[in-house]
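Residue numbers (this note's numbering), protein chains in the order written: chain A, 32 to 508; chain B, 32 to 508.
Mixed in with the good hints there might be a few duds.
To be verified - A short, non-exhaustive set of chain B residues, derived as facing chain A with CB atoms under 10 Å:
1) 119
2) 190
3) 191
4) 194
5) 301
Unchecked claim - Output of the computed footprint for chain A on chain B, the stretches with three or more beta carbons under 8 Å from beta carbons of chain A:
6) 57-70
7) 207-216
8) 382-394
Unchecked claim - Quick list of the computed label-pair ranges, beta carbon to beta carbon:
9) 139/B x 130/A: 38 to 48 Å
10) 177/B x 300/A: 43 to 53 Å
11) 253/A x 66/B: 54 to 64 Å
Calculated from the structure, these hints are not laboratory results. Just so you know, these numbers come straight off a predicted model, no measurement behind them. Using N, Cα and C, we set each Cβ at its ideal position, and we do this for glycine too.
Number of protein chains: 2
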Amino acid sequence: MHDAVFYAVNPDRFARDPEPSPHPWDDGALEPWDAPPAHRAYKGGTLRGLAARLDHLLALGVDALYLTPIWPSTTHHRYKPIDHLRVEPLLGGDAAFDALLAAAHARGLRVVLDGVFNHVGLGFPPFLDVLEYGERSPWRRWFRIAGWPLSPFDPSRPANYACWNGNRTMPELAHDHPPVREHVLSVVEHWLRRGVDGWRFDAPAGVGDVAFWRELRRRARAVRADAYLLGECWTDASAWLDGTQWDGATNYPLMGAIHRFAAGARIRPEHLVPGTPPQVPLDAAGFAREVEGLVARHPWPIPLAQLDFLGTHDTARFLTVAGGDRASVELGALLLFTLPGAPCLYAGDEVGMQGGLPPASRGGYPSHERWDLALLDLHRRLAAVRRANAPLRRGTLRPLHAAGDLLVFERVAGGETVIVAVNAGTAAARASVPLPRAAPPCLLEVGAAGARASGGAGAPLEVVVPGRSGVVLGACR
Amino acid sequence: MHDAVFYAVNPDRFARDPEPSPHPWDDGALEPWDAPPAHRAYKGGTLRGLAARLDHLLALGVDALYLTPIWPSTTHHRYKPIDHLRVEPLLGGDAAFDALLAAAHARGLRVVLDGVFNHVGLGFPPFLDVLEYGERSPWRRWFRIAGWPLSPFDPSRPANYACWNGNRTMPELAHDHPPVREHVLSVVEHWLRRGVDGWRFDAPAGVGDVAFWRELRRRARAVRADAYLLGECWTDASAWLDGTQWDGATNYPLMGAIHRFAAGARIRPEHLVPGTPPQVPLDAAGFAREVEGLVARHPWPIPLAQLDFLGTHDTARFLTVAGGDRASVELGALLLFTLPGAPCLYAGDEVGMQGGLPPASRGGYPSHERWDLALLDLHRRLAAVRRANAPLRRGTLRPLHAAGDLLVFERVAGGETVIVAVNAGTAAARASVPLPRAAPPCLLEVGAAGARASGGAGAPLEVVVPGRSGVVLGACR
Chain A
32 MHDAVFYAVN PDRFARDPEP SPHPWDDGAL EPWDAPPAHR AYKGGTLRGL
82 AARLDHLLAL GVDALYLTPI WPSTTHHRYK PIDHLRVEPL LGGDAAFDAL
132 LAAAHARGLR VVLDGVFNHV GLGFPPFLDV LEYGERSPWR RWFRIAGWPL
182 SPFDPSRPAN YACWNGNRTM PELAHDHPPV REHVLSVVEH WLRRGVDGWR
232 FDAPAGVGDV AFWRELRRRA RAVRADAYLL GECWTDASAW LDGTQWDGAT
282 NYPLMGAIHR FAAGARIRPE HLVPGTPPQV PLDAAGFARE VEGLVARHPW
332 PIPLAQLDFL GTHDTARFLT VAGGDRASVE LGALLLFTLP GAPCLYAGDE
382 VGMQGGLPPA SRGGYPSHER WDLALLDLHR RLAAVRRANA PLRRGTLRPL
432 HAAGDLLVFE RVAGGETVIV AVNAGTAAAR ASVPLPRAAP PCLLEVGAAG
482 ARASGGAGAP LEVVVPGRSG VVLGACR
Chain B
32 MHDAVFYAVN PDRFARDPEP SPHPWDDGAL EPWDAPPAHR AYKGGTLRGL
82 AARLDHLLAL GVDALYLTPI WPSTTHHRYK PIDHLRVEPL LGGDAAFDAL
132 LAAAHARGLR VVLDGVFNHV GLGFPPFLDV LEYGERSPWR RWFRIAGWPL
182 SPFDPSRPAN YACWNGNRTM PELAHDHPPV REHVLSVVEH WLRRGVDGWR
232 FDAPAGVGDV AFWRELRRRA RAVRADAYLL GECWTDASAW LDGTQWDGAT
282 NYPLMGAIHR FAAGARIRPE HLVPGTPPQV PLDAAGFARE VEGLVARHPW
332 PIPLAQLDFL GTHDTARFLT VAGGDRASVE LGALLLFTLP GAPCLYAGDE
382 VGMQGGLPPA SRGGYPSHER WDLALLDLHR RLAAVRRANA PLRRGTLRPL
432 HAAGDLLVFE RVAGGETVIV AVNAGTAAAR ASVPLPRAAP PCLLEVGAAG
482 ARASGGAGAP LEVVVPGRSG VVLGACR
């Protein structure tokens, strides 16, 4: 998936059915599409709604959809699955999913599912069975039970079962129980057979040990030789990124570094995920060190398969984190599309959606009247430049200049070079890159126009970048 | 279904897998097969186990299986469905059901499912959704909600939703909501398309009005012209038995009458379903009046399609109700197979199982060492006589003699007559039946041997029956 641009969609929030079709539920219960999202409400987006927008995503330059969970779950985010083998009826059910998959594949778009295997929802039938029958339930060993009875609803009594972050509505599966492991593996195989192109594994740290992930990789790849296997990880994913387990991880560390460089002191602490350490601004040198450290952390080419992003459904949107500063998003997007790893847009970021911590960041995708068309166009151009220039997808990374707020780096692959310059400061900045060569053509400008590059005849490359701007220079077509 | 002998099976209690196969649950949690059944425990019977016994049932003379619910339910009786379109994994899941259906049909056995549509289990996903999202749930109109919040677990607060008999674990569906009605109808159609031969509708009084049941009949019959439609009813089912709704009802009134005649004063009140009026013994005349009244209650031939039985999973077993008196069961079985209606054996009754009120009456089907072989043989012979003699299946009913404890009645169809004499008293009894004819051959004796019939040459038919015995006399082969 080195080459892909991902688009992360919570189907409940992206688009409703293009044409209302008869269905058994009550649309009157849905939260108004444009209302601030409540913690507990559906907006009623569907997989048919998503399928009807695929051409819009193609035009944006998207190659792969990452869908947050689509399994029945009785929550709008569906991270509490109650059935691993069906598609949520409110999303349109199995028929709508299969139609989406076919429509995506017909356009060359891949589809990656979100595998929630650490925990289930209270409504997962084996857990309900244990609630009903206690020790007499044949499913009792599927959960980590400390004693009887279980108490999912009365907080004054011990829960007596392991649950995610202490949340009793999310009982954890007992992954050391062989039938549970086999269940997870068989679910992974099932959906790959059904046509999906890969998996993002939610909260995977507890799901299995190294042997489990190797087995999962073996079985997934036996079904689908190029299945993409991505693990959610908020910190250092090295333990899983030895090349025998996942292909990549969610690159939250890079997200933080980009925020600290592109937004710097504009970061609003109140929009950070609780527990996030202070987001101290980074200058160009600090940012370069961070990025080089992250790339060096894993064997090449794993850094190319990491999933990079500026925000997710679990964070505030970057535009909001940056206090509404649009240039931060522009610079962040430039870095996202030019640093190693597969960029992933959190649906709505590309049209300027705002939103604080969840649920606020999970609003309904805006209608086109409210799109920031310039920002959308920037993303479209970034995706196009990335697609047209292999170094941006597969190239090595080397900083060429990092001083003050100006970072210049190159990506090199197959004898081709792309140079990226980002000036996070407010004043224009200049770099003399010790790379004697002719000035490469300007592929794309971000922010204020007027970046200039000159050089040639044995002289170093000189780059001038206006404040809060960036430029992509390259030799590729 | 006039011609069928039914066999009522709770698959959890009939037979385990014939050969253990790998499965993900923990057999160690199962209740020992022969232990007294607890209210909350599985015994681990499966649909594969049942399929492996079909030849035994064929030999017994069974024509149709009535299965208590097979949908996922987190209870051993499964009357709290959480999915109307799947088969419970613990029973072997969809594959095991489809195999059972094929094996049954290959033997000419029909299969009738139990349709639980009045209420669902708490784990029914739309109900869970309403619990999670309250007024924001698109499924809120699927249930009869009086206010918010719902309280399924805290009895100190109002439930705020209608539930079956006040049991908060069984929320009632809102059948006046058109999507709910459509759901029920589509489920009925689904399983008929899948091959089942009919339905027993559980707790149907609240499921729909006359118009609903007519619509259901129309749609069911459009899928399957001979689909059998049976409603559960403990009292007078006349409202549904006008010929445009159900084909028949569960004939609890007949069960009571047979108990009161065949067991009489032997009935143990402690084994009666709570709320049952005192079961005053009936003499022959009283019993005849009861039976004639029940037959006359509905237009002919509806009485032939009623489901008759001596007990169900919701009652104690008749042998236990009768204080262990085996003759009561023999006489009861004789009446069951010779009175109008389709006899239905509650699995185990035919081999002398005992059991008080549920859960006691829901024991594991005994292994053959513990069968009452004579009782089993009696049932086999009764089924054979019924099959061989159309009057027992389709004939009109006319009492010929009812005095003291001796009842003699005839069933007439197609010019053939079968005469049945039952002496519920302990002393031999004699009747002179005002029916001048030759003594018909004795087709079957129940209880003490020595019943005699004589007549002919214009003289009335004389019948002598030993105490606690009965006889079937007939002209058919």
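Against the structure, the hints come out as follows:
1. 119: 9 Å, holds
2. 190: 14 Å, violated
3. 191: The hint is violated - residue 191/B has no Cβ within 10 Å of chain A, the shortest such distance being about 15 Å.
4. 194: 16 Å, violated
5. 301: Check failed: Cβ of residue 301/B comes no nearer than 26 Å to chain A, outside 10 Å.
6. 57-70: holds (count 6)
7. 207-216: It holds: at least three residues are needed, and the stretch 207-216 of chain B offers 4 whose Cβ sits within less than 8 Å of chain A.
8. 382-394: violated (count 0)
9. 139/B x 130/A: 38 to 48 Å: Given range 38 to 48 Å: holds, Cβ gap about 41 Å.
10. 177/B x 300/A: 43 to 53 Å: 45 Å, holds
11. 253/A x 66/B: 54 to 64 Å: 44 Å, violated
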